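Participant: Going down the list, the protein sequences come from chains A and B.
Numbered as in my numbering, the first sequence ends at 352 without a single skipped number.
Numbered as in my numbering, the second sequence ends at 1263 without a single skipped number.
Worth flagging that the hints you see were computed from the coordinates, not collected in a lab.
All values derive from a computational prediction rather than experimental measurement.
Treat the hints with caution; some may be incorrect.
As a list, the in silico DSBU-like pairs of lysine-lysine whose alpha-carbon atoms are at most 30 Å apart [said to hold, decoys possible]:
no., chain 1, residue 1, chain 2, residue 2
1, B, K1135, B, K1162
2, B, K1012, B, K1135
3, B, K1067, B, K1135
4, B, K1115, B, K1135
5, A, K244, B, K1118
6, B, K1135, A, K244
7, B, K1056, B, K1067
8, B, K1162, B, K1067
9, B, K1135, B, K1118
10, B, K1115, A, K244
11, A, K244, B, K1222
12, B, K1067, B, K1233
13, B, K1162, B, K1233
14, B, K1049, B, K1162
15, B, K1135, A, K345
16, B, K1222, B, K1056
17, B, K1222, B, K1233
18, A, K244, B, K1233
Partial chain B-side listing against chain A, Cβ under 7 Å, derived [claimed, not checked]:
no., residue
19, A1092
20, V1232
21, A1235
We put the beta carbon where it would ideally sit given N, CA and C, even for glycine.
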Amino acid sequence: MSKAMEPDLQTPLGTASGKAAKGPAKEWSHPSNHWLRGFVIDNRASLGTLAVFIVMMAVFMIANPTVFTTWYLYSSVLTTLPVALFVVVPLVFVVTCGEIDLSFPATMGFASWVFALVVQAGYDPFIGIAAALVTGTLLGFLVGSLVVYGGLSSLIATLGMNFLLRGLIQIINEGRSTALTGLADSSAYKIFSSQVWGIPVQIFWAIAFVVFSALLYNRHRFGAQVKVVGDNPDSARQMGIDVKWVRVKVFVFVGIGAAIAGTFSVMINFTWWPTAGDGYLLPVLASVFVGGTPTWGGIGTVVGGAIGAVTVSFIQTGVVAAGLSGFYVQFFNGLIIILSLLGHKWNQARYR
Amino acid sequence: MGERIIELRDIKKSYGQVYALGGVNLSVDRGEVVGLIGDNGAGKSTLIKILSGVVKPTSGEILVRDKPVTGWSAARSRDAGIETVFQDRALAVQQTIVRNIFMGRELTSFMGWLKVDKEIEEASRLMREIGFTSKVFTPHSIVGQLSGGERQGVAIARAIYKQAELIILDEPTTALSLTETAKVFHFVRQVRASGRSILFIGHNIHHVFDIADRFVVLDRGKVALAADRNEVKSAEDLINFMEDVAHPGGLPGLHEDAEQGAQ
Chain A
1 MSKAMEPDLQ
11 TPLGTASGKA
21 AKGPAKEWSH
31 PSNHWLRGFV
41 IDNRASLGTL
51 AVFIVMMAVF
61 MIANPTVFTT
71 WYLYSSVLTT
81 LPVALFVVVP
91 LVFVVTCGEI
101 DLSFPATMGF
111 ASWVFALVVQ
121 AGYDPFIGIA
131 AALVTGTLLG
141 FLVGSLVVYG
151 GLSSLIATLG
161 MNFLLRGLIQ
171 IINEGRSTAL
181 TGLADSSAYK
191 IFSSQVWGIP
201 VQIFWAIAFV
211 VFSALLYNRH
221 RFGAQVKVVG
231 DNPDSARQMG
241 IDVKWVRVKV
251 FVFVGIGAAI
261 AGTFSVMINF
271 TWWPTAGDGY
281 LLPVLASVFV
291 GGTPTWGGIG
301 TVVGGAIGAV
311 TVSFIQTGVV
321 AAGLSGFYVQ
331 FFNGLIIILS
341 LLGHKWNQAR
351 YR
Chain B
1001 MGERIIELRD
1011 IKKSYGQVYA
1021 LGGVNLSVDR
1031 GEVVGLIGDN
1041 GAGKSTLIKI
1051 LSGVVKPTSG
1061 EILVRDKPVT
1071 GWSAARSRDA
1081 GIETVFQDRA
1091 LAVQQTIVRN
1101 IFMGRELTSF
1111 MGWLKVDKEI
1121 EEASRLMREI
1131 GFTSKVFTPH
1141 SIVGQLSGGE
1151 RQGVAIARAI
1161 YKQAELIILD
1171 EPTTALSLTE
1181 TAKVFHFVRQ
1191 VRASGRSILF
1201 IGHNIHHVFD
1211 IADRFVVLDR
1221 GKVALAADRN
1231 EVKSAEDLIN
1241 FMEDVAHPGG
1251 LPGLHEDAEQ
1261 GAQ
């Protein structure tokens, strides 16, 4: 470009001197056409997260090699990790869109409550799952509309909605949990929550969800518009994108993800608690940012978020397995988050 | 050439008692670059808004391809093939060139899945059409990595993809260096060569003089000068004329100041 673009304002460029200097123009060639380099450049955020995870696991394994050869350790992580994945992934969309959603724990509790009520009333668990999905969709739409059409700050409004919905659950249930004893015999349980070759089956559903969402993010109009809206809403509006509706849709997506997550957590425990979902708020948020999605919107990574969730869920298990007391868990949580953020800051340029 | 893309006849626009435009005539033919010059407050931006249909004129007539149009609006303006490229905030800088070109008009197959290969092919074709060739950048390059002039190129390519017949460039070179300005001029010439028209709006008279086939000078809501390229000998003539318009009596020492400002 430099040779062809000499600061000569009089002669039309690209005719005489421009073309001759360049010869047969080979357009659009990558600086390095090597596939590996291109792959690393395109996926550096998620690869960085993977590196953090590998280093962390290596430290744990060196501390106590024998525990990490036992299958039980991984099996316990694989039971709880899927629940987190179903909310981490939609949250990547929300953060990319320039918003945040702190109401998903209450949505998890609310949707799984509906699931528990339907199953307790004697209906098939599949109907319960459908009811939970509808509940999650409606709550997501409610939260999204409040933020977008009400013109509220998503940080504060969703925090408020989290308290409000959780409060409603508590008022009506007065702290009582619901046991779903018949669930273990249902076909829905076998499909969504049993074990195949000793592996909890929900991890396969979670992986399918991550793959589908990664395609949605990178290869679908929805993902493309979410990124553009998070990047430059004025430009998106000017180009005919319904910016508000795109924003509402990401909240609906979180609602659906939270409904699935809540239902899975009930199916794992055979019991619904009024606090269902509460413990996921901070680990899930940490996973999104450990995963390499920056806070400022416009870009993000679904696969990185999933790796972030794996990292965060292995911290607790790994700390204990490495022979340290449970008091170290929070310290390591913090350490991993800070180290990841420092790594991503060095790794990602912010364009303005 | 020859076909008249759009013509404004005796356009007036008043905000309350204040006239922003007091009877402006302006026309753009196919395949020509019209330079629109004027000081701050001369009515340039009002004129752009009227052309893009955002603002409705108080009175006057608008003709698209020699046919009078009633009910001029933003949609009508788009249908007539008029696209405005604003200098800043037009692109999503963290996204790829492809995503910017197809912003809001993604090429999709069933259920909204993107036709990735088709988009790259189309983007390459558009960039080739405006003369954007590069050994460094691909359609996958992030717009934030491009220089100011190259970003203008992406915005112009996007306008062309929208089937634009007339592209309004609002101060496209104001914040750019000489090298970057040359790039924008290169794109503009390519667009003209493809038979489309450009309305080039600028502060810098030298820039407008170098690129335009015809000049329109606005002053206080009126066309002070409309001239072909061959009627004006040099940019200095144009500057002198602008000064005479702005200060009819002539101010001593002003000439040198204005020249320096325009460099």
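Participant: Holds or violated: B:K1067 and B:K1135, Cα atoms, limit 30 Å.
Facilitator: violated (45 Å)
Participant: Tell me if the straight-line CA distance from B:K1222 to B:K1233 falls inside 30 Å.
Facilitator: With Cα atoms ~23 Å apart, B:K1222 and B:K1233 stay inside 30 Å; holds.
Participant: B:K1135 and A:K345: Cα distance at most 30 Å?
Facilitator: holds (28 Å)
Participant: Does the alpha-carbon distance linking B:K1135 and A:K244 stay inside the 30 Å limit?
Facilitator: violated (38 Å)
Participant: Going straight from one Cα to the other, do B:K1012 and B:K1135 come out at no more than 30 Å?
Facilitator: violated (49 Å)
Participant: Is the Cα-Cα distance between A:K244 and B:K1118 30 Å or less?
Facilitator: Given that 30 Å is the threshold and the Cα spacing comes to 28 Å, the pair holds.
Participant: Is the straight-line distance between the alpha-carbon of B:K1056 and that of B:K1067 30 Å or less?
Facilitator: holds (18 Å)
Participant: At a threshold of 7 Å, is the proposed contact between B:A1092 and chain A supported by beta-carbon distances?
Facilitator: holds (4 Å)
Participant: Regarding the pair B:K1115 and B:K1135, is the alpha-carbon distance no greater than 30 Å?
Facilitator: holds (25 Å)
Participant: Do the alpha carbons of B:K1115 and A:K244 lie within 30 Å of each other, as the hint requires?
Facilitator: Since the Cα atoms of B:K1115 and A:K244 sit roughly 25 Å apart, the hinted pair holds (cutoff 30 Å).
Participant: Are B:A1235 and chain A close enough, Cβ to Cβ, to be under 7 Å, as the hint says?
Facilitator: violated (11 Å)
Participant: Keeping to a limit of 30 Å between CA atoms, is the pair of B:K1135 and B:K1118 held or broken?
Facilitator: It holds: about 21 Å lies between the C-alpha atoms, which stays within 30 Å.
In summary, the numbered hints that this structure violates are 2, 3, 6, 11, 12, 13, 18, 20, 21.
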